[in-house]
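*Asks:* Could you build the full structure based on these sequences and the hints that come with them?
Residue strings, one per chain:
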Amino acid sequence: MQRFALIAVPYVWLLALFLVPFIIVFKISLSDIALSIPPYTPTLEDGFGPFFAALDFENFAFLASDDLYWRAYASSLRIAAISTFLTLLVGYPIAYAMARAPEEWRPTLMMLVILPFWTSFLIRVYAWMGILSQEGFLNQFLLWTGIISDPLMILNTNTAVYIGIIYTYVPFMILPIFSALDRLDGSLIEAAEDLGCSRLQAFWLVTIPLSKNGIIAGSFLVFIPALGEFVIPSLLGGSGTLMIGKVLWEEFFNNRDWPVASAVAVILLLILIIPIILFQRNQQRQAEEEA
Amino acid sequence: MNRLSWFNVTSLTLGFAFLYLPMVILVIYSFNESKLVTVWAGFSTKWYGELLQNEAFLDAAWVTIKVAVLSSTFATVLGTMAAYVLVRGGRFLGRTVFSGMIYAPLVMPEVITGLSLLLLFIGIGLDRDVLTIVLAHTTFSMCYVSVVVSSRLMTFDRSLEEAALDLGCSSFDAFRLVTLPIIAPAVISGWLLAFTLSLDDLVIASFTAGPSATTLPIKIFSAVRLGVSPEINALSTIMIGIVTVGVISASLVSKRNSLRQQREEQAAARAA
Numbered sequence: 201m202q203r204f205a206l207i208a209v210p211y212v213w214l215l216a217l218f219l220v221p222f223i224i225v226f227k228i229s230l231s232d233i234a235l236s237i238p239p240y241t242p243t244l245e246d247g248f249g250p251f252f253a254a255l256d257f258e259n260f261a262f263l264a265s266d267d268l269y270w271r272a273y274a275s276s277l278r279i280a281a282i283s284t285f286l287t288l289l290v291g292y293p294i295a296y297a298m299a300r301a302p303e304e305w306r307p308t309l310m311m312l313v314i315l316p317f318w319t320s321f322l323i324r325v326y327a328w329m330g331i332l333s334q335e336g337f338l339n340q341f342l343l344w345t346g347i348i349s350d351p352l353m354i355l356n357t358n359t360a361v362y363i364g365i366i367y368t369y370v371p372f373m374i375l376p377i378f379s380a381l382d383r384l385d386g387s388l389i390e391a392a393e394d395l396g397c398s399r400l401q402a403f404w405l406v407t408i409p410l411s412k413n414g415i416i417a418g419s420f421l422v423f424i425p426a427l428g429e430f431v432i433p434s435l436l437g438g439s440g441t442l443m444i445g446k447v448l449w450e451e452f453f454n455n456r457d458w459p460v461a462s463a464v465a466v467i468l469l470l471i472l473i474i475p476i477i478l479f480q481r482n483q484q485r486q487a488e489e490e491a
Numbered sequence: 151m152n153r154l155s156w157f158n159v160t161s162l163t164l165g166f167a168f169l170y171l172p173m174v175i176l177v178i179y180s181f182n183e184s185k186l187v188t189v190w191a192g193f194s195t196k197w198y199g200e201l202l203q204n205e206a207f208l209d210a211a212w213v214t215i216k217v218a219v220l221s222s223t224f225a226t227v228l229g230t231m232a233a234y235v236l237v238r239g240g241r242f243l244g245r246t247v248f249s250g251m252i253y254a255p256l257v258m259p260e261v262i263t264g265l266s267l268l269l270l271f272i273g274i275g276l277d278r279d280v281l282t283i284v285l286a287h288t289t290f291s292m293c294y295v296s297v298v299v300s301s302r303l304m305t306f307d308r309s310l311e312e313a314a315l316d317l318g319c320s321s322f323d324a325f326r327l328v329t330l331p332i333i334a335p336a337v338i339s340g341w342l343l344a345f346t347l348s349l350d351d352l353v354i355a356s357f358t359a360g361p362s363a364t365t366l367p368i369k370i371f372s373a374v375r376l377g378v379s380p381e382i383n384a385l386s387t388i389m390i391g392i393v394t395v396g397v398i399s400a401s402l403v404s405k406r407n408s409l410r411q412q413r414e415e416q417a418a419a420r421a422a
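Chains as they are written, first to last, in the numbering used here: chain A, 201 to 491; chain B, 151 to 422.
In short, the hints are calculated from the structure, not lab data. Take the hints with a grain of salt, since some may be wrong.
Interface residues of chain B toward chain A, partial, derived using beta-carbon atoms under 8 Å [to be verified]:
hint, residue
1, V235
2, V261
3, L269
4, T346
5, L352
6, G360
7, T364
8, V397
Pair ranges (Cβ atoms, derived) [stated by the list, open to error]:
hint, chain 1, residue 1, chain 2, residue 2, range
9, B, K185, A, I282, 33 to 41 Å
10, A, R456, B, F168, 35 to 43 Å
11, A, S265, B, G377, 18 to 26 Å
If you want the footprint, here are the derived chain A segments under chain B, 3+ residues with CB under 8 Å [claimed, not checked]:
hint, segment
12, 218 to 229
13, 269 to 283
14, 292 to 302
15, 306 to 312
16, 327 to 339
17, 436 to 450
18, 455 to 469
For every residue, glycine included, the Cβ atom is placed at its ideal position computed from N, Cα and C.
*Replies:* Here is the structure:
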């Protein structure tokens with residue numbers, strides 16, 4: 201009885217507030233927009249038969265026919281992929297240096313990487329608005345040094361979105377790579393160097409392959425949330441920045457087209473399933489290797 | 151291998167400068183006299199004063215704290231139960247679905263979670279208010295809590311529980327007297343994580359909050375959409391300050407506890 205209650209309470213909670221809402225999203229994605237409250241049709245009040253008869257894939261056909269959505273998905277994928285790669289370039293040297301730092305420093309360095317996590321995401325993104333704007337800190341600095349003579353337009357461009365994603369997600373990249381490098385046996389690199397590798401070759405042939413699992417895990421941890429990102433493109437991006445999270449938000453709040461917003465969500469979910477499964481596999485393989 | 155090359159020193163310096171400079175700049179400019187946030191016009195704390203007189207922000211802060219305390223507490227209870235079920239529950243019907251529902255919210259885009267919950271609340275005719283935000287936050291943070299707690303449950307010695315059961319504890323007493331004290335640090339960090347996730351959340355709260363209940367992130371977001379403002383800088387500084395003090399003191403406490411535990415273990419070893 202006790203065991204039953206223990207299982208049932210969290211189970212029912214998640215069913216009611218996680219699974220059922222998804223079924224509703226899926227159902228509404230098959231509905232039509234209507235001028236009523238709630239703004240879609242059919243509802244179950246119409247009776248079961250007409251309810252199912254009225255569901256169709258019209259919204260998906262609409263998404264497929266409208267160029268905007270294609271471009272939004274493609275551009276989300278591109279922005280997420282490019283920023284994941286850039287985050288790797290920024291994060292790897294930091295993780296590498298952390299793993300090489302004296303043992304007694306490492307807990308402090310770890311804490312310094314984790315600390316920003318606890319600070320509001322919104323504030324961390326907002327901090328860049330003041331830095332990247334036309335009269336912002338970065339432009340003032342560059343003008344002062346004489347590197348540029350006219351302020352650069354960075355805020356409200358895709359560049360600002362890349363910077364925002366790298367900044368907020370780089371800890372997700374650093375931590376798994378650090379934990380892979382931390383476990384790496386230093387004598388392997390010495391062996392490679394003794395056998396005639398240059399330092400760079402040893403890095404390329406030994407260190408990188410042995411930190412592969414960390415690189416893969418970190419990349420997924422950046423890519424997956426970046427794909428559906430809303431705050432960064434809407435604060436740092438410009439009108440030309442197309443990302444699907446923003447499109448969904450606008451479809452829902454500005455256009456009040458719930459069925460289309462739901463269809464956008466369903467497709468985003470389908471796109472995300474692939475990287476999520478790959479990530480799970482990588483984690484499982486890693487766990488098996490360790491066991 | 152403990153000598154840092156110049157390359158590593160440079161990466162660490164640049165890396166941490168990149169992580170911390172934006173926030174340092176934000177904090178400095180919150181003390182700027184000028185309304186023009188990019189021109190330095192002397193030290194002033196006037197934006198903090200204005201912030202304290204801004205009723206809308208204070209109301210929103212109060213709602214945010216209420217939501218965070220309630221949702222993180224519910225999430226800790228539910229998440230710990232879920233972790234216990236996952237690690238110790240054995241086999242039961244629908245276990246795969248259950249573990250799927252625990253892990254899926256961790257990777258779900260917030261816009262989808264928010265949208266789906268809003269559609270549910272409207273579908274069942276629940277008015278959007280503090281309650282709906284609490285329900286939404288509890289749901290996604292309980293999954294984070296359960297991941298944190300289950301990783302602790304997996305590593306601890308199960309024979310301690312079995313000993314308690316053999317010695318006549320009921321399974322609930324065994325949990326209360328043996329398991330819970332051992333996993334307490336994980337439960338506490340789970341609560342803290344849930345609390346910060348709730349404080350932080352903009353997207354899910356925007357979908358599930360009604361006009362009568364606005365949280366601080368929603369207020370901040372609608373203010374900064376129009377551009378940088380010194381009041382928001384002041385507010386951000388306060389929030390950064392609270393988090394920094396909180397995290398540093400939490401890590402000091404846990405360090406002291408682990409030192410004490412070490413000493414006790416050494417003393418026990420000597421006594422034996």
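*Asks:* Now, for every hint given, state plainly whether the structure supports it.
*Replies:* Status of each hint after checking the structure:
1. A hinted interface residue such as V235(B) counts as satisfied when its beta carbon comes closer than 8 Å to some beta carbon of chain A; here the least separation is about 5 Å, so the hint holds.
2. Because the smallest distance between the Cβ of V261(B) and any Cβ of chain A comes to about 5 Å, under 8 Å, the interface hint for this residue holds.
3. Annotation: L269(B) was flagged as interfacial toward chain A, and the flag holds, the nearest CB pair being 5 Å apart, inside 8 Å.
4. Interface restraint check for T346(B): the shortest CB-CB distance to chain A comes to about 6 Å, inside 8 Å, so the restraint holds.
5. Contact between L352(B) and chain A, as hinted, is supported at the beta carbon level, the nearest pair being about 5 Å apart and thus within 8 Å.
6. Checking G360(B) against chain A by beta carbon gives a least distance of about 14 Å; that is not within 8 Å, so the hint is violated.
7. About 14 Å separates the beta-carbon of T364(B) from the nearest beta-carbon of chain A, more than 8 Å, and the hint is not met.
8. Look at V397(B): its Cβ gets to within about 5 Å of chain A, closer than 8 Å, so that hint holds up.
9. Hint check: K185(B) to I282(A), Cβ distance near 37 Å, so the stated range 33 to 41 Å holds.
10. For the hinted restraint 35 to 43 Å between R456(A) and F168(B), the CB-CB distance of approximately 40 Å keeps it satisfied.
11. As the Cβ distance of S265(A) to G377(B) is approximately 37 Å, the hint placing it in 18 to 26 Å is violated.
12. Coverage of the segment 218 to 229 of chain A by chain B holds [criterion: at least 3 residues with CB-CB distance below 8 Å; count 8].
13. Counting residues of the segment 269 to 283 of chain A whose beta-carbon sits less than 8 Å from any beta-carbon of chain B gives 0, not enough to reach three: the coverage restraint is violated.
14. Look at the segment 292 to 302 of chain A against chain B: 8 of its residues bring a Cβ nearer than 8 Å to a Cβ of that chain, three or more, so the hint holds.
15. Coverage of the segment 306 to 312 of chain A by chain B holds [criterion: at least 3 residues with CB-CB distance below 8 Å; count 3].
16. With a threshold of 8 Å between beta carbons, the proposed coverage of the segment 327 to 339 of chain A by chain B holds, since 9 of its residues qualify and at least three are required.
17. With 3 residues bearing a CB less than 8 Å from a CB of chain B, the segment 436 to 450 of chain A meets the requirement of three and the coverage assertion stands.
18. For a cut-off of 8 Å, the count of residues in the segment 455 to 469 of chain A with a CB near a CB of chain B stands at 6, and the three-residue condition holds.
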